[in-house]
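Those sequence lines, one after another, are chains A and B.
My numbering numbers the first residue of the first sequence as -6 and each following residue consecutively.
My numbering numbers the first residue of the second sequence as 55 and each following residue consecutively.
Don't take every hint at face value.
[Said to hold, decoys possible] List time: in silico PhoX-like cross-link candidates among lysine-lysine, alpha-carbon distance up to 20 angstroms:
no.	chain 1	residue 1	chain 2	residue 2
1	A	K192	B	K196
2	B	K73	B	K63
3	B	K196	B	K140
4	A	K(-5)	B	K132
5	A	K206	B	K196
6	A	K76	A	K59
[To be verified] Stretches of chain A that chain B covers, calculated by requiring three or more beta carbons in the stretch to come under 8 angstroms of a beta carbon on chain B:
no.	stretch
7	190 to 199
8	210 to 223
9	268 to 276
[Claimed, not checked] With the C-beta cut set under 10 angstroms, the calculated list includes, among others, these residues of chain A facing chain B:
no.	residue
10	Q(-4)
11	L(-2)
12	R148
13	R354
Calculated directly from the structure, the hints in this document are not laboratory data.
Just so you know, even glycine gets a beta-carbon here, dropped at the ideal spot from N, CA and C.
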Amino acid sequence: MKQLLAFIRKEFYHVFRDRRTLLILFGMPIVQILLFGFALSSEVKNIGIAVLDNARDVQSEQIISKIRSSSYFQVKTPALNYKDIGERFKRGEIKCAILFPVNFGSDLYKTGGAQIQVIADASDPNTATTVTNYLNSIVNNYQQELNPNATPSYRIIPEMRQLYNEEQNGSLNFIPGVIALVFMIVSTALTSVAVVREKELGTMEILLVSPFKPIMVLIAKAVPYLVLSVIDFIVILLLSVFLLNVEIRGSLILIFAESILFIVTCLSLGLMISNITASQQTAMMISMMGMMLPTILLTGFMFPLENMPKVFQWVSYIIPSKYYYAIMKGVMLKGLGFGYVWKETLVLAGMSSGLLLIALRNFKIRLQ
Amino acid sequence: MENKAITCKDLTKRFGDFKAVDGISFDVEPGEIFGFLGANGAGKTTAMRILCGLSYPTSGQATVAGFDVYRQQEKIKKNIGYMSQKFSLYDNLTVWENIRFYGGVYGVSRPEIKKRSNELIATLGLEKEAGKLVGGLPLGWKQKLAFSVAIFHRPKIVFLDEPTGGVDPVTRRQFWDMIYEAAASGITVFVTTHYMDEAEYCNRISVMVDGRVEALDTPANLKNRYHANTMDDVFYQLARGAKRKSD
C-alpha cells in the first residue's frame, strides 16, 4: 500500500510538471464547454433575407415588418429584380428571399387568394427547411390577424410542448457529449500515453524488475487520471449550471456513480491501448482516431443515430460512450432514476470489466 | 548452493525452434564482480531477464540469491537491484523525488529513506542539485545516481546492463570505483558491457557465443589461454566463431 502511494505521488508530479498535460487536462474541457455553449449553436438565427416587393401595398408592408421584427431574420437591402436575388444567393449574402407579386394586396381582397414566392438556399438543407418553416408561420400568423372572426366549423389546434427543455436551451443536449469526450481524452488518451512513456524511457524495465506487482503498476497509473477526470467532471458540471443555466434534474449521486463507471471504462481502454503500442505517438493516434472520432460521430450527440445507415447503427452498439451519453441524457436532463438506465449501466459495466481483463492479461503476457 | 549468489545449470530458453540461451551453466560467488560478455544477439539479455525474474526458462535450473527462478520470482525481485543501458531515472522528478520513489517502490521505510538518501547525496556531492530536476544533470552524474538508486535498497545482487554506454572515460573510471565499493560492501555485481577495458576490471568474466558460455575465467587466465595481450583479442577470437548474425 505504501509502495502504491509512493507511485501515485510520482504520477501526480509527472502531471503537474508537464505544461502540455495540464493544458489538455484543464484548458480543453473549459474551451469545449464554451465553444459548444456559445459558438456552435444548431439554432438558426439572423438569416439574411432579401425582399422583392413588387406590390408596395399595405399588406406586403405589414408582412415585411413582421419579418423584420423577428430575431430569426436579418432583412437586407430590398432586391431590385429577380436577377439581383440570384446574384446575392450566389455571393452567399442571403439564405432566402421573399417575393410579392404586383397585385398582392388587391388579389388578396378581390379573389380571396394571393400568392407569394419564397426561395431558400437549400445547399444547407436543414437551414432551408427551418427558414421556410419560419416564414410559413409568419405568413399564417398574419393571415389569422386578417380574419379574427373567422371560425371554421372544424378546427384542430395542436398544443405543442417541448418536454425536458421547454426553454429550448440548445446547451442541454451536448453537455453529456462533451463530458464523454473529455473522459475519452483524459482517461483514455492521457493514461495510455503515460504508460507508454515509461516504456519509451526504459523506466518500465526498472519497475518490472522491482518487487512492485505489474497489476499495481497499472493501478498506480490509472488512479491519478481517475481523480483528474472526476475533477474535470466537476468543473464541467459547475460551468454548465452557472454559465449555461443548465438545470440538473436527476440525482447527483447517480450522475457521479455512472460517470465513475464510464471513467473506469475509458481507463481500461487506455491501459489496453498502452499494452499494444510501443510509442507515445501511436498511443495518441489510436486513442484520438480510434476512440474520439467514433465518440463524436456515433454517440448521437452531434448527429442523430436514427438517420444513419443500419451499418453505422450496428457499429454504434460497441461504442461505450453511446451508452454513457444515453444514461446522462436520461438522468441529468430528464431526471430519470436508475430504473430507467439499468440496461445501459449493465452494458457499460460489462464493457469495463471485459476491457480491464484484457488489459491486465496482456500486461502479464508481455512480461514472459 | 546456498552460499552462491547465482547458480545456473543447463539453463535454456527456447523461442520456437530458436535457442536464445542454450544450456548455460555457471556460478557467481557473493561479493564477486562478474562480467557477462557477448556480442549482440548472443543471448546475454535473455539470460539476464531470466535471472532478474522477468521471464521463465524453458529448461534447466537457476537460483538467484538462493531463490529459484521458476517459483520464487517475487523473492528474487526483492533481493536484486537493476540498472539498464537506457537511462532509468525520471527526468521531470528531482534527485530527491527519484530516490524517494525507488526507495518507496522497494518498500524501504520512510525514516530509512531519509537517512540513506542524505548519505547518498553527500557521497555523490549532489547537495546543491538534490532539489533540481534530474533532466538538467550531466549524463555522467545521472548514471552514477542511477547506480546509487539501484543499490539503494541494499540488494544482495545488482544487475548492470551496459551501465556505462555513452559515458566519457573519466566518468566511467569513477563509475567503476563505485562498483568496487559496492562489491567491497558485499553486493554481488553482475555486469554486461561492450567495453573490453571494463572487462578487465571484473573478477571473472564469461563470454557468450550463440547462446552458449564459451569461456569463463579471470581476465588474466583468459588472456593466457588465448595467447592474447588484451581482452579485446580474447573476445575477438571467441566471437569470430559465431554463426548467428548480431540482431
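Taking the hints in turn, this is what the structure says about them:
| no. | hint | in the structure |
| --- | --- | --- |
| 1 | A/K192 x B/K196 | 19 angstroms, holds |
| 2 | B/K73 x B/K63 | 15 angstroms, holds |
| 3 | B/K196 x B/K140 | 11 angstroms, holds |
| 4 | A/K(-5) x B/K132 | 15 angstroms, holds |
| 5 | A/K206 x B/K196 | 26 angstroms, violated |
| 6 | A/K76 x A/K59 | 25 angstroms, violated |
| 7 | 190 to 199 | holds (count 5) |
| 8 | 210 to 223 | violated (count 0) |
| 9 | 268 to 276 | violated (count 0) |
| 10 | Q(-4) | 5 angstroms, holds |
| 11 | L(-2) | 7 angstroms, holds |
| 12 | R148 | 74 angstroms, violated |
| 13 | R354 | 17 angstroms, violated |
Hint violations for this structure: numbers 5, 6, 8, 9, 12, 13, all remaining hints satisfied.
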